[in-house]
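Trainee: Read off the chains here:
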Amino acid sequence: MKRVLVANRGEIAVRVIRACRQLGLEVVCAYSEPDRDSLPVRLADRGVCIGPAPARRSYLNGPALIAAALGVRADAVHPGYGFLAENADFARRCVEAGLRFVGPPAEAIALMGDKLRARELAASLGLPVVPGSRGALGTMADVEDAARRFGYPLLLKAAAGGGGRGMRVMRSRAELADGFLGARAEAEAAFGDGTLYAERFLERVRHVEVQVLADSLGQAVALGERDCSIQRRHQKLLEEAPSPVVTPDVRQSLATAALALVRAIGYESAGTVEFVLEPESGRFYFIEMNTRIQVEHPVTEMVTGIDLVAEQLRIAAGAPLGISQDDVRIAGHALECRINAEDPAQGFRPTPGTITDWRPPTGEGVRVDTHIVPGAVVQPFYDSLLAKVITVGADRAQAIERMRRALDGLRVTGVPTTASFHRALLDHPDFQEGRVHTRWVEETVLGR
Amino acid sequence: MDVSWDDVRRVLAAIDSAPGEELELEVGDLRLVVLKRGQGAIRPATTPQDFELKSRAVGIFRRAAVQDGLAFVVDAGAVAQADEVLAAIEVLSETEPVRAPRAVEVVSLLVADGEFVEYGQPLMLLRPRS
Numbered sequence: 000m001k002r003v004l005v006a007n008r009g010e011i012a013v014r015v016i017r018a019c020r021q022l023g024l025e026v027v028c029a030y031s032e033p034d035r036d037s038l039p040v041r042l043a044d045r046g047v048c049i050g051p052a053p054a055r056r057s058y059l060n061g062p063a064l065i066a067a068a069l070g071v072r073a074d075a076v077h078p079g080y081g082f083l084a085e086n087a088d089f090a091r092r093c094v095e096a097g098l099r100f101v102g103p104p105a106e107a108i109a110l111m112g113d114k115l116r117a118r119e120l121a122a123s124l125g126l127p128v129v130p131g132s133r134g135a136l137g138t139m140a141d142v143e144d145a146a147r148r149f150g151y152p153l154l155l156k157a158a159a160g161g162g163g164r165g166m167r168v169m170r171s172r173a174e175l176a177d178g179f180l181g182a183r184a185e186a187e188a189a190f191g192d193g194t195l196y197a198e199r200f201l202e203r204v205r206h207v208e209v210q211v212l213a214d215s216l217g218q219a220v221a222l223g224e225r226d227c228s229i230q231r232r233h234q235k236l237l238e239e240a241p242s243p244v245v246t247p248d249v250r251q252s253l254a255t256a257a258l259a260l261v262r263a264i265g266y267e268s269a270g271t272v273e274f275v276l277e278p279e280s281g282r283f284y285f286i287e288m289n290t291r292i293q294v295e296h297p298v299t300e301m302v303t304g305i306d307l308v309a310e311q312l313r314i315a316a317g318a319p320l321g322i323s324q325d326d327v328r329i330a331g332h333a334l335e336c337r338i339n340a341e342d343p344a345q346g347f348r349p350t351p352g353t354i355t356d357w358r359p360p361t362g363e364g365v366r367v368d369t370h371i372v373p374g375a376v377v378q379p380f381y382d383s384l385l386a387k388v389i390t391v392g393a394d395r396a397q398a399i400e401r402m403r404r405a406l407d408g409l410r411v412t413g414v415p416t417t418a419s420f421h422r423a424l425l426d427h428p429d430f431q432e433g434r435v436h437t438r439w440v441e442e443t444v445l446g447r
Numbered sequence: 000m001d002v003s004w005d006d007v008r009r010v011l012a013a014i015d016s017a018p019g020e021e022l023e024l025e026v027g028d029l030r031l032v033v034l035k036r037g038q039g040a041i042r043p044a045t046t047p048q049d050f051e052l053k054s055r056a057v058g059i060f061r062r063a064a065v066q067d068g069l070a071f072v073v074d075a076g077a078v079a080q081a082d083e084v085l086a087a088i089e090v091l092s093e094t095e096p097v098r099a100p101r102a103v104e105v106v107s108l109l110v111a112d113g114e115f116v117e118y119g120q121p122l123m124l125l126r127p128r129s
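The listed protein sequences correspond, in order, to chains E and L.
At position 41 of the first sequence the residue is numbered 40 (numbering that gives the first Met the number 0), and the sequence of numbers has no breaks.
At position 27 of the second sequence the residue is numbered 26 (numbering that gives the first Met the number 0), and the sequence of numbers has no breaks.
Accuracy of the hints is not assured; some may be wrong.
[To be verified] Partial list, computed: chain E residues near chain L (C-beta under 10 Å):
| no. | residue |
| --- | --- |
| 1 | Arg2 |
| 2 | Ser31 |
| 3 | Asn60 |
| 4 | Leu64 |
| 5 | Ala67 |
| 6 | Gly70 |
| 7 | Arg91 |
| 8 | Arg92 |
[What the hints assert, rightly or not] Beta-carbon label-pair distances, calculated as ranges:
| no. | chain 1 | residue 1 | chain 2 | residue 2 | range |
| --- | --- | --- | --- | --- | --- |
| 9 | L | Arg55 | E | Ala188 | 23 to 29 Å |
| 10 | L | Asp112 | E | Arg133 | 56 to 62 Å |
| 11 | L | Pro121 | E | Gly265 | 45 to 51 Å |
[Said to hold, decoys possible] Footprint (simulated), chain E over chain L, 3 or more residues, beta carbon under 8 Å:
| no. | segment |
| --- | --- |
| 12 | 60 to 74 |
| 13 | 95 to 107 |
Simulated from the structure, these hints should not be mistaken for lab results.
Model, not experiment: these values are computed from the prediction.
Just so it is clear, CB atoms sit at the ideal spot from N, CA and C, and this is done for glycine as well.
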């Protein structure tokens with residue numbers, strides 16, 4: 000493997016380029032017309048324009064990306080996250096074209112991409128799953144039956160889903176019909192597949208996910224958990240590792256469960272097995288597996304010292320894992336704040352525009368993953384993530400203190416950002432004492 | 000031998016900065032002879048109305064194309080009506096026709112047959128015909 004095409008944009012493209020450089024790989028960045036002057040294109044050895052602004056004609060255009068990779072004689076494609084990262088057909092077509100797909104085999108993507116099948120497989124392996132329907136819900140009668148069996152609140156989810164789309168929480172029989180039709184329409188629009196299933200909706204739970212790495216020789220390791228309970232409408236805002244509420248015993252059980260799934264599906268590359276956790280009992284339930292590098296991967300890197308993107312590239316090149324489970328050590332505590340070009344005062348409305356001044360924070364234990372430079376344009380066509388501010392400390396208190404100073408030191412003008420919202424979160428006693436759950440931001444901070 | 004883009008950049012810089020019209024370069028088992036010609040000698044005369052036809056696809060440029068079942072190779076001087084096929088771009092196993100946006104004459108081709116082209120890359124210089 001000598002030359003990698005980055006089939007993505009923004010901070011993750013910069014991140015992949017950095018890992019390629021570290022491994023001595025040449026790197027070509029695919030870009031859409033408005034991204035011509037973006038930082039990743041400037042950092043790469045070469046850029047290739049793959050289409051106009053709309054993602055479906057550029058970053059979601061699989062044939063153009065594969066033709067670009069072949070045209071520049073790349074031998075591997077890194078999909079980043081989002082866009083085509085979890086598109087099994089794209090992964091398959093890369094391999095058919097003679098390219099290495101830096102990610103898992105297409106079959107593993109397809110299997111875990113069907114959330115209903117993934118849940119059934121996990122249950123068959125003995126992983127705890129949230130009580131819920133065994134098959135798809137085709138009619139209102141199926142939904143009513145699920146409500147009778149699992150009770151309220153009932154959660155409807157899209158089988159093809161992710162990112163909170165096609166999801167509805169229903170608290171009474173009166174809400175069933177609207178919830179069912181709404182979720183089905185949303186899933187149909189978002190994924191082209193309206194298949195739904197139902198789970199009992201667990202309240203006051205935390206979102207805890209296990210980072211895994213697996214090589215093509217069948218070796219797999221679990222790299223501890225991340226806690227991503229600070230969410231707004233299922234979108235993660237702040238993540239940390241390790242979780243402030245996971246005990247060593249629970250950590251061990253989470254790792255065992257995650258690795259059982261990874262081994263059963265012949266997984267390769269980096270992946271994340273997601274669970275919800277009831278903090279009081281320590282009981283956890285599998286929800287889904289994400290077959291890509293995640294936005295929040297840096298917090299795991301900061302407490303394990305393992306470069307996950309470099310490992311993805313090494314695994315794609317056929318190299319064995321350089322570490323065994325016994326080598327994995329979780330040291331210290333890390334936090335990540337996603338700084339978005341959104342206005343917290345206006346319901347987190349995206350705020351595209353030109354960044355007139357940009358001074359990222361520096362200091363002991365501070366890392367910033369970003370694609371922003373002064374003069375950068377935040378495009379209206381894509382997600383609004385400007386930067387991930389990551390801090391690491393000897394313990395959680397030090398990581399929080401460093402994050403406070405980092406956010407105080409961040410200077411960004413030109414567009415409103417979520418930095419002030421994050422800064423306020425850090426001072427909230429519930430957050431400091433680790434007493435949050437996945438609905439905490441909406442219920443407590445935003446008062447809904 | 001393996002040649003990276005950095006190597007190519009270094010070679011091009013060496014050619015650019017070399018005095019004289021002729022340059023011979025030997026790197027390992029590679030021997031490169033470059034004859035520098037004055038610019039413009041082979042470039043056709045252009046008019047202010049001439050415009051570039053840009054690629055709408057990513058793939059391999061093909062001068063050979065098919066229109067109405069007839070295969071042909073486009074060259075400078077060729078004329079075409081609006082929507083007539085001028086060339087093609089192979090995108091994996093599919094072939095996307097490159098069409099004339101209006102009645103035109105081909106002034107010159109800007110990429111060679113078999114060359115990789117990006118989205119938006121100029122493919123040929125065209126002159127409007129009334």
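Trainee: Hint by hint, note whether the structure agrees.
Mentor: Hint check results:
no.	hint	verdict
1	Arg2	holds (9 Å)
2	Ser31	holds (8 Å)
3	Asn60	holds (8 Å)
4	Leu64	holds (8 Å)
5	Ala67	holds (5 Å)
6	Gly70	holds (3 Å)
7	Arg91	violated (13 Å)
8	Arg92	holds (8 Å)
9	L/Arg55 to E/Ala188: 23 to 29 Å	holds (28 Å)
10	L/Asp112 to E/Arg133: 56 to 62 Å	holds (58 Å)
11	L/Pro121 to E/Gly265: 45 to 51 Å	holds (46 Å)
12	60 to 74	violated (count 0)
13	95 to 107	violated (count 0)
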